Structures are given as C-alpha cells and as structure tokens.
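There are 2 protein chains.
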Amino acid sequence: MEVLPVEGMPEVQPGDDLARLIAEHARPRAGDILVVAQKVVSKAEGRLRKLSDIEPTPEAEGLAREIDHDPRLVQAILDESIRVVRKQRILIVETRQGFICANAGIDHSNVPGEDTVSLLPEDSDRSAAELRARVRELAGVEVAVIVSDTFGRAWRMGIENVALGVAGLPVFADYRGQLDDHGKELQVTVVAIADELACAAELVMGKTARVPVVVIRGYTPEGRPGTGRDLVRPAELDLFR
Amino acid sequence: MEVLPVEGMPEVQPGDDLARLIAEHARPRAGDILVVAQKVVSKAEGRLRKLSDIEPTPEAEGLAREIDHDPRLVQAILDESIRVVRKQRILIVETRQGFICANAGIDHSNVPGEDTVSLLPEDSDRSAAELRARVRELAGVEVAVIVSDTFGRAWRMGIENVALGVAGLPVFADYRGQLDDHGKELQVTVVAIADELACAAELVMGKTARVPVVVIRGYTPEGRPGTGRDLVRPAELDLFR
Chain A
1 MEVLPVEGMP EVQPGDDLAR LIAEHARPRA GDILVVAQKV VSKAEGRLRK LSDIEPTPEA
61 EGLAREIDHD PRLVQAILDE SIRVVRKQRI LIVETRQGFI CANAGIDHSN VPGEDTVSLL
121 PEDSDRSAAE LRARVRELAG VEVAVIVSDT FGRAWRMGIE NVALGVAGLP VFADYRGQLD
181 DHGKELQVTV VAIADELACA AELVMGKTAR VPVVVIRGYT PEGRPGTGRD LVRPAELDLF
241 R
Chain B
1 MEVLPVEGMP EVQPGDDLAR LIAEHARPRA GDILVVAQKV VSKAEGRLRK LSDIEPTPEA
61 EGLAREIDHD PRLVQAILDE SIRVVRKQRI LIVETRQGFI CANAGIDHSN VPGEDTVSLL
121 PEDSDRSAAE LRARVRELAG VEVAVIVSDT FGRAWRMGIE NVALGVAGLP VFADYRGQLD
181 DHGKELQVTV VAIADELACA AELVMGKTAR VPVVVIRGYT PEGRPGTGRD LVRPAELDLF
241 R
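Here the protein sequences line up with chains A and B, keeping their order. When we follow this note's numbering, the leftmost residue of the first sequence carries the number 1, and every step to the right adds one. When we follow this note's numbering, the leftmost residue of the second sequence carries the number 1, and every step to the right adds one.
Because the hints were derived from the structure by calculation, they are not lab data. Model, not experiment: these values are computed from the prediction. Check the hints yourself; a few may be wrong.
It does not matter which identical chain is used: a pair holds within one copy or between any two.
Unchecked claim - Calculated lysine to aspartate or glutamate pairs in the EDC-like style (CA-CA distance at most 16 Å, straight line):
(1) K87 - D238
(2) K87 - E236
(3) K87 - D16
(4) K87 - E66
Bound conformation, chain A alone (with noise of 0.2 Å):
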C-alpha cells in the first residue's frame, strides 16, 4: 500500500472546480482511494462564514463568558450544531450531521482574512460523492473518494484524522463470523478502514504544507460501498455522550 502526497495544488476558492484540480494534480489511476481534508471541499463549496456578520444572541454571548471564546464563533458553532455534549475550555458538539467534536469542525486556520472561518460541509457523503462522480468524468478512472478532517477522541491525547464523508468504498471491514487461525470464530471485530485510511492519509498531509489531498494505492477492501454517515455511532448505541 502506498500513501502519496498530492502536491503543487493552489490555493482553493469558493467555486473552484475542486475535482479538476485533483484531476490534475493527483493523477488518479482506477483504484486510487483519495482522501480530500474538509478545509478544501468546505473552502470550494463556499461553506465559510465572516464573524463580522454574526449578531450573537444571548444565549452564545452567555456561553461564549463561559468558556472564555468569542461570542459569532460560539453563535458560529451553535448554528452548525444540535447539542452541546460538553462546554469546558472548549465545546464538543453533536453536529448537524451527527459527528462528536469541539467546536462543530469551524475554525479559521487556513482560510484567508482574520475575519473568515470555515464550515464543515453541509453533507461530507454527498461532497465525496460529487467529486468522485466528476473525477471519474474528468480523468476516467473510478476511484474512491474520503473527506477527512481531524478530531480529538475521548481518553486518548491527540487529534486523529476521521472519514467524514465517503463514496465508493466499504467504510468496515467486517470480520464477524470468520475463523481465526485456530478455527475460533473471531470476536467483535469490525473495523472502520475508512477512518484508518484517513489517518494514514494525514501522516502526509501536514497542516501548514499546502497537501490537501493524498492518494492510497494498492489497497482495495472488499464489500459494500459505505457512508461517513455509517461511521456515526447512533446515540442509543453510544455510553460516551
């Protein structure tokens, strides 16, 4: 398996056809699983908001006292968000899209103007399955497609990349009911290969090295084509939140 930085991308504007610059950039042969960080799908489908035009209401000014951060953020977050799991230094939020993280993915690094913060995309499933659409009309090939941001955990320090949307690729390696070298059946094993992709994807991204998207070659799970969505824990199985 190789894990290939994809280098010499420009800088991403609101409407840029993201998938051509990958196209161009990555050179994607059939197979490739690429994995695309949010900050450049978010930035090309214009989801950024400026703080200048945000009106706090009470509630984010309050809780903004709270912890201590700007009030159109907290009211930036709030917005993109349907619960407030913890406040403390930070928030960690259950998103519109169900993801557990600080500050609803928003935040303003990479993103130009001091003012500027970026969203995560309003559908990280339906982005990964329009770009892997238009890469396969540009370049001919059929690929995967996983847009990565990178979260903290609970009880581990650190943040890790995870799969927040994807097309064209099992998300789970689903080894219930097989037999271990010994003929045992193995135990609880279902593994989420999309989100081990997206963190070997990171390993070369960087954060300040302008390599927003990686492809990983050679390695081809079998299965059902999954969704980020699928990678959510639904609350009723979650003891964590």
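Position chain B against the provided structure of chain A, taking the given hints into account.
Then chain B, alone, in the frame of chain A:
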C-alpha cells in the same frame, strides 16, 4: 510513504525471540517503523491465561451475571483493570496501564486452545523498547517500534488500531505556534501520529491473515521520541470517563 505487510511469520509461542522473527522476515532498513500487533507480543511474553485456572470472586460472578459473560473471563478482566468505566454488553475498563478499552484488551482469538486468553503486555512501552533494542542488535539498523491493538471508540462505529507502546518515535506532531499559509497561527493541532501510523498498518494486517508485523517506510517525523503512555489522556483532562 509505503505500508508493507510482513508475510511468512510463523505462529509465535511463549518464549520465542520475537525480534529475531521480525528481523528475519521484515528485513528492516534504517528509519523503518515496525508496527507489531499486541497479540504476538503478548504470546512471546507469555501474557496468556487459562480460564480453567481462574477462580472468580463473588464480585466477578455478579458482574458476569449482569452482562452475561463467563465469570472467569470477567475475573481476568478485573485482574487487569483498576476501574470499570461502563458495563453494558461489554465491560469498558481502565487498565492498569491507563488504557480505556473493552474487556481490558483480553481476547481469545488467534490464541491456541479454547481455554486460553491473551492479556495486553504488562508494559507495552517496555515491550516496544526491548524489541527495538534487539532488532538493532540483530539487524544492525535503527528502527522505531509501535506495539498496537484495535480499540473501540466513543461516538464512532467500529474499532481502530492504536499505539499501546512506542519506542524511537515521536508520538505527536505538534503544530502549535506554527503559521498556516495565510500567516495565522494554527489552532489546536497536536496530531497523534503514532496512533495514525498504527491505523495505517492495521489496513494491511487484517485479522485472519497472519500478518502481525507491518513495515512503514518513508515516513520520518521530527521531534523528541515519545511513549505510548504519552498518548493516554490524563483523567483530569478527560471529559469522557
């Protein structure tokens, strides 16, 4: 970056010189990162228990009834744990090493005999350091070693590989204070690269195939070497335990 499965490893037995098996089959080069599945480390170190040797306490009996488990397995889990974090279908515990995981990382797959379970290494950082030193001795090259296992996560479906023990490698990429392409300081961006490397490796390990060791080549993170212990979130910084 290449992620290369090490094939042809024999079944590992208690007392085996695991580093020799790795050196012979992986043929490591200087700078390689060797990701070694916890299961073979535990087997080589004799970290196995026979359920038939275990006399469950009344506490284990009660807990076993509650979650419909073998009381001897529950006893083995309690023996490896300092605290039960959640009990519902499975036991999520804090292990003696600080890991929050299901069943204290104990399982019976890929272990010979219906009656035998494998425990996590007593000290995965020590295991990693010993493997690293012994590979240096045998193969004459400096490598990094990650001892990995798959853990479940809060909020997201599926298990994912994590770095339990680390030697010769920074565990975080710390971008704090660095500037993005627009000259703005990056926000919370301490990336758990050792966990991401474990994830990358898991993709080619599989669960049924006998690929307990993976070589990651062409990835050379900068920074001070860390440990698996550094990746464990201290209780006072953890909002979810």
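* **Intra/inter-copy verdict for K87 and D238 if alpha-carbon distance must be at most 16 Å** => Intra 19 Å, inter 12 Å, cutoff 16 Å: inter-copy only.
* **Intra- versus inter-subunit Cα pairing at 16 Å for K87 with E236** => Close across copies (14 Å), not inside one copy (22 Å); limit 16 Å.
* To do: First find the shortest C-alpha distance between K87 and D16 inside one copy, then the shortest across copies, and answer within, between, both or neither for a cut-off of 16 Å.
  => neither (36 Å within a copy, 49 Å between copies)
* To do: At 16 Å max between alpha carbons, let me know whether K87 reaches E66 within a copy, between copies, both or neither.
  => within (9 Å within a copy, 33 Å between copies)
Hint compliance for this structure: hint 3 alone is broken.
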